[in-house]
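*Asks:* Kindly generate the complete structure, drawing on both the sequences and the hints.
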Amino acid sequence: MSNFRRGQNQSNPNKLNVILSTLIFILILNVTVQIWLLYAALNNALENNKEILIPAFVASLVLFLVGFGLLYYLPTGNKRQ
Amino acid sequence: MSKEENINKNWSKDFPIEKQQAINVSRRDFAKFLTLVSGGLMVGSGLVAVKGHLYPKEEVKGEHFVCNKEEVPLGGTRAFVIEGSTIPYILIHLESGEFKAYEQKCTHLSCSVFYKPGTGIIHCPCHEGNFNAKTGDVISGPPPRPLPMLDVFFKGSAVYVKAVEETVG
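Protein sequences, first through last, are from chains A and B.
Those letters in the first sequence? Residues 1 to 81, by our numbering.
Those letters in the second sequence? Residues 82 to 250, by our numbering.
Possibly wrong hints are sitting among the right ones.
Claimed, not checked - With a straight-line cut-off of 20 Å between C-alpha atoms, the simulated DMTMM-like cross-links for lysine to aspartate or glutamate are: (1) A/15 / B/110; (2) A/50 / B/179; (3) B/243 / A/51; (4) A/50 / B/246; (5) B/132 / B/151.
Unchecked claim - Computed footprint of chain B on chain A; a stretch qualifies when at least three of its residues, placed anywhere within it, have a C-beta under 8 Å from a C-beta of chain B: (6) 30–40; (7) 45–58.
Since the hints were derived computationally from the structure, they do not count as laboratory data.
Quick caveat, the model's predicted, so the values are computed rather than measured.
In this text, a Cβ means the ideal position worked out from N, Cα and C, and glycines have one as well.
*Replies:* See the structure below:
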């Protein structure tokens, strides 16, 4: 029975290459936004503004889950089957 | 068999990994590592939120005597500490005659700040940060936030400080 993983692994290496590059690009973007969120949350915490802390954490959590979910689409390399 | 030949013949047996596969593996690991970093940042944000809500910064409570007006000349400063706390403060007698009290820790990396007499500027020597001595706002340099301020008031000629009352609206 074919599933997504096998289907993806059988695609052209050029396509896998593009998928992997895109994933890494998105992950770097996520991490960048998360660094900004952490920086903003820290500065606001030190300034005693608490309203922003929980939303920043939730946003960070969502970005992490998105990144984690994207790992499913990570090509497994050119394994001969 | 010469060394050269031996290498050519056996290297692929010793390292049975194709180049393409090796590249793919390292990029895959990089993507996983990025996700790990992402998780770490998420945990960090969580800790900041927990710290901010469960262990807020202690407010200065009540009124505290600092010194008498005469003890601080015009343009002079006096360092003081509030009882039961280790945070250093400075009392500044501005050239305009006003008294101001600020935390002495720079909001950048907690270096000691000092008042530059005659300029109206509180200066941090570590990274050349400057604060407005009238409001505590940042004028230049790396500090991200204004200096925390205390309210100064007088009883006769005695100078007292208390926490800044938050104005509603």
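*Asks:* If a hint holds in the structure, say so; if it does not, say that too.
*Replies:* Each hint tested on the structure:
Among the hinted pairs, residue 15 of chain A with residue 110 of chain B is consistent with the structure: their alpha-carbon atoms are about 19 Å apart, no more than 20 Å. The straight-line distance between the Cα atoms of residue 50 of chain A and residue 179 of chain B is roughly 32 Å, outside the 20 Å bound, and the hint therefore fails. Simply put, residue 243 of chain B and residue 51 of chain A have alpha-carbon atoms about 25 Å apart, too far for the 20 Å limit, and the pair is violated. Under the criterion of a C-alpha separation no larger than 20 Å, the hint pairing residue 50 of chain A with residue 246 of chain B is consistent with the structure, at around 18 Å.
For the suggested pair residue 132 of chain B and residue 151 of chain B, the alpha carbons sit about 42 Å apart, so the restraint of at most 20 Å is broken. For the stretch 30–40 of chain A, the stated coverage by chain B holds: 6 residues have a C-beta nearer than 8 Å to a C-beta of that chain, and at least 3 were required. Coverage of the stretch 45–58 of chain A by chain B holds in this model, with 9 residues showing a Cβ closer than 8 Å to a Cβ of that chain against a need of three.
Figure legend: structure checked against the earlier numbered hints; hints not met, in rising order: 2, 3, 5.
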